[in-house]
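**Q** Each chain, letter by letter, is given below.
2 protein chains.
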Amino acid sequence: MAYQLHYWPTIQGRGEFVRLALEAAGAAYLDVARGDDAAGQGMGAMAHYLEDKAVPRPPFACPFLVDGKRVIGQTAAIMLYLGPRLGLVGKSQADRLWTHQIQLTIADFVVEVHDLHHPLGATLYYEDQKPEALRRAAEFRKQRLPKFLAWFEAILERNPGNKPARTPHLVGAKLSYADLSLFQVVEGLHYALPKAAKKALKKTPAVVALHDGVARHKRIAAYLASDRRLPFSEEGIFRRYPELDG
Amino acid sequence: MAYQLHYWPTIQGRGEFVRLALEAAGAAYLDVARGDDAAGQGMGAMAHYLEDKAVPRPPFACPFLVDGKRVIGQTAAIMLYLGPRLGLVGKSQADRLWTHQIQLTIADFVVEVHDLHHPLGATLYYEDQKPEALRRAAEFRKQRLPKFLAWFEAILERNPGNKPARTPHLVGAKLSYADLSLFQVVEGLHYALPKAAKKALKKTPAVVALHDGVARHKRIAAYLASDRRLPFSEEGIFRRYPELDG
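Chains as they are written, first to last, in the numbering used here: chain A, 1 to 246; chain B, 1 to 246.
Some clues are possibly wrong.
Said to hold, decoys possible - Below, a list of computed lysine-lysine pairs in the DSBU-like style, where the Cα atoms sit at most 35 Å apart:
#  : chain 1 : residue 1 : chain 2 : residue 2
1  : B       : 203       : B       : 174
2  : B       : 218       : B       : 203
3  : A       : 198       : B       : 53
4  : A       : 69        : B       : 202
5  : A       : 130       : B       : 147
6  : B       : 53        : A       : 174
7  : B       : 53        : A       : 53
8  : A       : 218       : A       : 147
9  : B       : 91        : B       : 195
10 : A       : 163       : A       : 130
11 : A       : 130       : A       : 147
12 : B       : 142       : A       : 147
13 : B       : 53        : A       : 199
14 : B       : 130       : B       : 174
15 : B       : 147       : B       : 69
16 : B       : 130       : A       : 53
17 : A       : 203       : A       : 91
18 : B       : 130       : A       : 195
19 : A       : 163       : B       : 174
20 : B       : 69        : A       : 130
21 : B       : 53        : B       : 198
22 : A       : 174       : B       : 174
23 : A       : 218       : A       : 198
24 : A       : 91        : B       : 91
25 : A       : 142       : A       : 163
Since the hints were made in silico from the structure, they are not lab data.
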């Protein structure tokens with residue numbers, strides 16, 4: 001049976017990390033909230049899991065994955081579940097935990113990217129917190145962006161599975177869901193903060209090589225060219241507000 | 001061999017979630033950075049794992065756990081690793097994933113509690129972002145605090161393992177690491193936002209009952225009364241700034 005991914009139908013957001021994993025593996029899945037109400041899909045199908053008191057283990061928020069009777073929320077937990085099933089993580093427990101640890105660090109980074117434009121919280125509009133966003137963005141560009149990228153670069157450099165002139169991976173010598181997520185973060189940074197991203201990525205050639213290698217992955221390249229890939233926009237996590245780019 | 005926990009030596013912070021799990025299980029552990037430099041402990045021992053280029057899989061930040069050759073960062077990943085070893089998670093894969101999903105949602109909540117006093121980022125002092133913190137705190141008290149607590153209450157109500165007049169648990173009928181972490185969050189809210197916490201917790205009696213039950217746990221009660229338990233302070237995640245309490 002096809003996996004059911006439940007996420008906002010008009011943005012990449014956190015759902016995109018899951019979409020990339022499912023697409024890279026060529027897995028059968030439904031992007032439920034983008035489907036037809038008449039077919040039992042659409043936003044109503046998503047709301048059921050979040051609001052219906054008959055759901056024994058409801059997710060706090062989307063994205064969540066439904067696989068038969070299983071309902072799994074939290075992007076990183078979805079990856080933990082899908083990784084072995086999709087062949088997107090190593091076989092050893094040590095590799096699986098390390099891949100998950102990297103994914104959680106990517107999740108932390110994504111929270112900080114989101115808070116760039118919402119430093120006072122997601123319940124206020126960007127326009128209502130613009131001076132605060134400008135201050136937070138300056139700190140992010142100066143401190144946090146280089147710090148996170150340097151860590152990804154360091155673990156790529158220290159991964160003994162990587163060989164010169166080949167696409168580097170975060171764990172071992174094979175593509176993992178963490179590679180796909182880091183690809184997405186680099187894509188998002190290029191969209192949201194083109195100047196700051198270009199400057200920061202000059203110092204992290206392995207991160208750039210990973211990104212470029214993932215973009216050339218056959219199934220990922222086909223997905224990115226398809227209409228299944230939603231565009232970045234100012235409704236998502238990565239938003240292009242030029243004033244935040246310094 | 002004793003587990004090595006590496007975390008800032010003077011605050012509870014995120015390390016406290018790990019400490020509570022180790023303490024509840026009666027596990028042997030070293031709180032390394034609080035130890036003696038002369039014994040190979042102290043801050044230098046922690047810095048080694050974060051800074052030494054010879055560490056193949058360095059954590060991004062503390063807390064991290066060292067267990068023999070394993071070095072595990074990210075609080076939730078540490079719990080994922082320790083849970084089965086300490087008997088603080090159910091045996092089925094479904095229970096383990098659900099417990100982890102709850103832990104990740106607690107982690108999200110903790111980020112928002114931290115950002116109350118640091119809406120513009122952790123690299124600026126609270127005093128440099130006070131007006132922003134006041135605005136963010138108002139949103140938190142009104143929207144986010146009740147929303148998170150209502151979710152914990154709902155999953156406690158829906159857990160078929162819970163029986164009337166007994167301490168409720170988040171998963172099944174036994175204490176899990178997620179219960180311990182939710183206990184810590186309630187403790188922290190009482191410290192940081194006593195008025196707002198009291199008001200919000202009136203609507204979530206199962207969360208209160210879980211908290212009170214964990215506080216009576218024999219090993220936890222002994223730990224809380226010991227000098228191993230650091231006090232809450234304005235250096236940690238949960239900070240008492242009365243102006244943020246409304």
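**Q** State the violated hints by number, sorted upward, taking the hints as numbered earlier in the document.
**A** 7, 9, 10, 14, 15, 16, 19, 20, 21 and 22
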